[in-house]
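Using the hints, position chains B and C against chain A.
Given next are the chains, with one letter for each unit.
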Amino acid sequence: MNAPVNSARAAAGPVGTSPPRVDGEEKVTGRARYLDDVEFPNQLWGRTVRSAVAHGRVKSIALDPAFDWSGITFVTAADIPGENLIALIVDDQPCLVGVGMEIQHAEEPIALLACEDRERLERALKHVRVEVEELPPLLDPLASQKVFKKYQLDFGPGASAAEKKAAREAAFASAARVVEGEYRVSHQEQMYIEPNAICALPREDGGVTIHGSMQCPFYIHRAMQRLLALPEEKIAVIQAVTGGGFGGKEDFPSVIASHAALLARKSGRPVKIIYKRDEDVACTTKRHPAIMKLKTAVAADGTFLACEIDVVMDGGAYVTLSPVVASRGVLHAAGAYRWPHALIDCRVVQTHTIPNGAFRGFGVPQTIFAIESHVEKIAHEMGLDPLAVRRKNCFVLGDVTPTGQVLRWSVSARESLDAVAELSRFDEKRAAFAQARIDHPHARKVRGIGMSLAHHGAGFTGSGEDKLKARAGVELTATGARVLAISTDIGQGTNTIFAQMAAEPLGLPMSAVEVAQPDTSKVPDSGPTVASRTLMVVGGTVAKAARAMASQLASFVAERHGVPADEVVCTGGVFTHAAPGQAPRELAAFAEIAAARLSQGPLVCIEQYKHPAGIHFDDETYAGDAYPCFGWAATAVEVTVDLDTCEITLDRVTTANDIGAAVNPVLAAGQIEGGTVQALGYALLEEHHWKNGHILNTRMQNYLIPTSLDAPHIDTIIIENPYPHGPWGAKGLGELPMDGPAPAVLAAVLHATGQLVPVLPITPERLMNAIEGQP
Amino acid sequence: MISQVEVTSARSLAECYALLAQRPAGLRVLAGGTDLMVQLTAGIGVERLGHALDIWRVPELRQLSFENGTLRLGALTTYAELIESPLIATHAPALAAVSREIGAWAIQNRGTLGGNVCNASPAGDSLPLLLAAQAVFVVGGPRGERQIPSSEFFVGYRKTALGADELLLRIEVESDEQAGRMVYRKVGTRRAQSISKTLLAVRAQMRQGVLHRVRIAAGCLGPVPMRCYAAEAAAEGKRFEPRSLPGARAPVDASEVAAVQAALDADVKPIDDIRSTAHYRRRVSGNVLAQLLAELSGTTA
Amino acid sequence: MKLQLEVNGSERAAEVMPLKRLLDVLREDLQLTGAKEGCGEGECGACAVIIDGQLVNSCMVAASQAQGCKVVTIEGLATGAELLPLQRCFIERGGAQCGICTPGMIVAAHCFLQSGKAATDANVREAIAGNLCRCTGYQKIVEAIQQAAGIQPPDVKRLAVHEEGTR
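Protein chains in written order, with the working numbering: chain A, 17 to 791; chain B, 3 to 303; chain C, 33 to 199.
Pulled out of the complex, with its shape left as it was, chain A reads as follows (with noise of 0.2 Å):
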């Protein structure tokens, strides 16, 4: 039964409810300060000197004698005192690539300079001379032989490969049709507004503090405990305020903080690197760019029965987080939809162009993409209805997954589909748009609508959650509670949610509730902000710790007041006695019991992670459950196309995300947006244009987002299906809003002009060709 939902919970806490975000104030005037804002006392400057080649040896590394070096500090390699190493997955990138070690990308840093004159930095730039032995650069993922993971699902009935493939084979040969399909999706820049902007402090005991724009401090930590030999205790990472991450902030800051933390240890004093935007572009990590081939056994009716997926990755020139880009892929490309047989391949190689890294969605957007293409193919071909093609295949409560796991609650893959139905009046369009057509066959212009169903799990895959021990929690103040937790608040508002989550348990006011900045030294480790994870795994573990401490005053007021503990209440910052049959009776104001409890000692309530007991996946085989719930979205698109100069105008676009219950509305409505306008960018405009391992588009002038008149309007719908072990029933729900749009794009596109552009992003040229019948 659906229902809209009800938003005044009385008497409830802010749980539900959408009060302003915490630092709304500081941003709106401009107090609020980011990295670059902030003058470190003695600053210098710093900057990195980088290949000119995408794939060489180095040969020497020589500064210029004609020119003035004093008061320059200059670093290469040999000064590393620990690891020459970007610690992350798989030890294989090195800071700095020193004399007689290999080039592996176009940008890759050699050396680095810091300056307290920022003009004389640029000149002394260009005055250091590197000579490289240049090789031969492998630019084609297709071409490469170097393989950094790779993942195999194969799903149905049979206890063998061998059983496995001679029902996938008798699937195929029996299927009323088998459709083919090759897509392809490249790059994607995250073009957060604040490029990367880092300072490392050296220390007196030997060690070094980082400041900076980042979404993962203790990345950061671990990566400067292995390049600068240093234990845990002699480092402190300090998030800033910080503009847009997206996953580009997540393990790209540990290099650029390699490069201050080098230069602060040899100068002896603080170093700022603030990247410009076109080196922030030329050199930062991107999404992966993928070519995805499929062939699926289809039903007459249009019965999904059997799938053959291959998904290439480029990773670049180095792992970063390739493995686990590459297994998000690889669990969700089989789309939301029951497959009696699926074999999936996945494999990420390496090319020698800039290392790629995490963007919002992380794998999925691409193999989403592909599934969610091929469908319209298939219905297309098959001259079936796409919406009901989906609506017969996709999960319901009860299926499987490919990974074999039982999807036991929360799955609103047709409410999803059913919402953004009717809000779109999809089918009186699709149909309206259609007679259009033939109506007016000659007509300049085109119009039609798409829909597209995706899903994402929520918190990382398999057993990281349990590999991580998340760790967040609660210290008792004066006059509230402070939360304390790693995760860092990028945009996405986690300082507003975790106050929400901790206020409500202890029954404060949000204003009495800050949370602490994330500070390596001072809070424990919840573990990065990504993979969706920070309200539902984070922040269920803040609440849980905020119960805790509420369940530890209860007690210390029931003995204060000699009431007994489960007839404390605490409610709007007032203690009361809440006896069964009488009307509450106030106690005491929080402040008081705070003062009088932290004269015994502080009180701190911290709560590890742990994921509900029957969630159990095999790292080996890749099966079981893969992640604990699900998010589900679906996305309608209505374009007009015009025939004259194939240029597509998104007309409205209409989303329904299921992200278990919304915790702060207006946030969760803020996420769906951006992350839809991030991907419709994705869709039409975000492509880069490369040259022998050289990015040409660098800037925001030749890079394109979308601006204000480029982004539709967004109807959005949150749909709350709780997910019975989340936080008041909260699913992950950052990344989802990314997945669904792209192919919905495809969809509109195919509908209104027949064509189906198979390749990201579907540029006016692109179209063209397609319907001009060249390649």
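Simulated from the structure, these hints should not be mistaken for laboratory data.
Treat the hints loosely; a few may be bogus.
A partial selection of chain B residues facing chain C, derived with a Cβ cut-off under 7 Å [claimed, not checked]: (1) S5; (2) Y19; (3) L29; (4) V31; (5) D56; (6) P88; (7) A106; (8) I109.
By construction, the Cβ of each residue, glycine as well, lies at the ideal position given by its N, Cα and C atoms.
Chains B and C alone, transformed into the frame defined by chain A:
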């Protein structure tokens, strides 16, 4: 280095001429800053820059008037001024319309028509309109003033006929009532803040039901913004119904449009670049031209 | 050169190179870090300020051109603790997420509201087309500006799904 560049913030044309007469090395003119400041920040041209002549406050370069069927636009006329001007709305509304498609509001407040002209980029959005209007550029310097027809001004890739000691003073454009209605279409990369892939501008009068004095100009179809003389000749004396992509959905005889499009094809030399392809530019400019000619013929809805 | 100008209602002065960008003068010499650098080429609008009543990108204005001008930055919009209704709407409607585009966005929105143009979806979007945002998708920004203009935007649509027999 930027810190060693001398800047003259001129307050009069005489002051500008006095500096120009000295022919200082590495002289660049600074108007609204939307081009030069961006280049300097990007490190382009910094080494060559010796002296900047800031003309932003030279009053003689600001005017927007109308006399005897001709608009006189000072070189420092901003896009925002064109958008807001009742004179432009009355006498050359296409100039206001194209100004709204240049950059966005903050750029429109500082970007100048004169800057667009003197940068002479093949992608300069006002330039095809000025060419189609057969605008006259009035330039001046210590050696006096002269007029340069727009068709003779763009002599090479980002090169103009301006002398080393000359400044663009104003741009003179005949009104729509006098010279014919002007229409254009910019095909950009996105809906705002976009550089053109192609931009066609057409001006013509209707006489006895056919197009007369057809002037066609294009941007981004060659190294300079260009007049399309062959296409003009093919369109002259004709009248155009709305047409479709030849061969795809053509409802009736499309041969006249095809002839104009073939002539345009001969006029232009588009290339493949970061923004688009030569093929796309050819095809689109032909389609857009057909649409604009139909619009001028008064046959579109 | 000795640059003298009025910033946020106060007379200010700084000794700067004449071609120094006004953005850098504000941030470095005048300690007004509200205006941000996002692109250095006038594409993103994060550096937007108001000069003599006009919205401009401060990364494109040379110091010498700001001589004697009246400049208003994000810091000058609120008077003390009293935020503009526009700023309040941004906070309440979710118009700011990471906040880096917010100063420039609010300056542009403020200019728009001052212009008296009708706050239709199309007009608002055109007014902020020179301010890039990567977080919000613009929807909540448009709603916040409309709310400041007195147009009440719709609430977030929510749909509850209850599952029978969850295992």
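Status of each hint after checking the structure:
Interface restraint check: S5(B) against chain C, minimum CB-CB distance 5 Å, threshold 7 Å, status holds. Here the hint on Y19(B) is broken, as its CB sits about 19 Å from the closest CB of chain C, past 7 Å. Taking 7 Å as the C-beta cut-off, the interface hint given for L29(B) is violated, the closest approach to chain C being about 14 Å. At its closest, the beta carbon of V31(B) sits 12 Å from a beta carbon of chain C; the interface hint therefore is violated under the 7 Å criterion.
With 7 Å as the threshold, the beta carbon of D56(B) comes within range of chain C, its nearest partner Cβ sitting at about 6 Å, so the hint holds. The closest approach between the C-beta of P88(B) and any C-beta of chain C is roughly 17 Å, which is over the 7 Å cut-off, so the hint fails. At about 3 Å, the closest approach between the beta carbon of A106(B) and any beta carbon in chain C falls short of 7 Å, and the interface hint on this residue holds. With 7 Å as the threshold, the beta carbon of I109(B) comes within range of chain C, its nearest partner Cβ sitting at about 6 Å, so the hint holds.
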